[in-house]
Amino acid sequence: MESPSQAYAEELRGGRMVFNWFRQKTKTKDVAKDRLRVVLMQDRLSLSHGIMEEMKDEVITAISKYVEIDRPGIEFSWKEIDKRRALVANIPVISIKRGATSNDRVTQRSY
Amino acid sequence: MSQAIVITSGKGGVGKTTTTANLGVALALSGAKVVVVDADIGLRNLDVVMGLENRIVYDLVDVVEGYCRLRQALIKDKRVDGLFLLPAAQTKDKNAVNPEQMKELIGALKEEHDYIIVDCPAGIEQGFRNAISGADRAVIVTTPEVSAVRDADRITGLLEASGFEKPELIINRIKPRMVARGDMMDIPDIIDILAIDLLGVVPDDDYIVVSTNRGEPAVMTDNSRAGEAYRNIARRIRGEEVPFLDLSEKETIWSRLRRLMRRN
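Listed in order, the protein sequences are those of chains A and B. Mind the numbering: the first sequence is residues 1 to 111 in the working numbering, read in order. Mind the numbering: the second sequence is residues 1 to 264 in the working numbering, read in order.
Among the hints, a few may not be true.
[Stated by the list, open to error] Quick list of simulated restraints, FRET-style, between CB atoms:
no., chain 1, residue 1, chain 2, residue 2, range
1, A, 45, B, 183, 53 to 59 Å
2, B, 260, A, 66, 56 to 62 Å
3, A, 84, B, 161, 20 to 26 Å
4, A, 71, B, 197, 54 to 60 Å
5, A, 90, B, 235, 20 to 26 Å
6, B, 165, A, 54, 38 to 44 Å
7, A, 85, B, 242, 32 to 38 Å
Rather than coming from a laboratory, the hints here were simulated on the basis of the structure. These numbers were taken from a predicted model, which means no experiment stands behind them. Even for Gly, the Cβ is constructed at its ideal location relative to N, Cα and C.
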């Protein structure tokens, strides 16, 4: 096993001691903030599970009017993008319905 | 118009009881009629922090169960005009009282006092439900630590779900030196994360231990930083605009030099 003095000598040899001394140390308050952000997001989400399901259903219903989607393949998740909370939805599309564009809608009606 | 304010936190040990005692005394010193209520049934503590433990005859549960009249259970603080304590029962448990009874009790107290400050027990169960019922306003106490802030967020959600539109935050035990070093979350950090209104900031102060040893809340003396902060909070509760204490540490030439070198 490596003794502390050996480790120290090793660091000195690599010049890392000097490097570390000048390097900006990560502030532990920022570590705390980042961890809290993630934890609170999960807490708030798990508490509002019912609301999340309801919202998912409504989004699916709205999209289904225009495109045919693979319902079992749908994924909703919270991510942190550029320090902001983002709701990321992954909705696999099987096909676009004919009536999706306004021109087609007229044609469809005339059938 | 009288107001009932509940002091909550979720996490234990962040200073709810100390906050209740100090705000109660500070409000009474400013001329209001105040009752501090210990809603932590089974774990009574507000009495010792206030220094009134030797004068308890009846308690909150006795009032609710009809063993005595409300006025008999109220302990008058002889040091401060217009200040009363309604102690918790020590032998019963939290289920001895229900939210309806608490609401009725707070309503009765409001008839004769300007401020009712309720010390809520830690946790989110029955004791919490009891303590918040009947309150018009909710204050959440937290410290700049991950665990306390997390619980404060949970409590905020529960309070909002119970109809408290704007719970207010007190950040307790800020250590300016650690904040300056970047080793403690600062006030804007916490406000940013919790997204609720700030009612006050209380610096970490050894004098709180001394004052608790004596049973004299810190606002009773002039030489406590925490006491000064609590006096300011009491003024804000009364509707005054009071600037927040400047807690920033003066930077010495050495700390500045060290910081600059670290930045490279």
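Between the beta carbons of residue 85(A) and residue 242(B), is the distance compatible with 32 to 38 Å? Between residue 85(A) and residue 242(B), where Cβ atoms are some 34 Å apart, the hint holds.
Do the beta carbons of residue 165(B) and residue 54(A) sit within 38 to 44 Å of each other? violated, 23 Å
Just to be sure I understand the hint, the distance between the Cβ atoms of residue 45(A) and residue 183(B) should be within 53 to 59 Å; is that true here? violated, 29 Å
Distance restraint hint 20 to 26 Å, applied to the beta-carbon atoms of residue 90(A) and residue 235(B): violated, 53 Å
Taking the Cβ atom of residue 84(A) and the Cβ atom of residue 161(B), is their distance within the range 20 to 26 Å? For residue 161(B) against residue 84(A), whose Cβ atoms are near 25 Å apart, the range 20 to 26 Å holds.
For the pair residue 260(B) and residue 66(A), does the Cβ-Cβ distance stay inside 56 to 62 Å? holds, 58 Å
Falls inside 54 to 60 Å, the C-beta gap from residue 71(A) to residue 197(B)? Violated, since residue 71(A) and residue 197(B) (Cβ atoms, about 43 Å apart) do not stay within the stated range.
Consistency note: the structure conflicts with the earlier hints numbered 1, 4, 5, 6.
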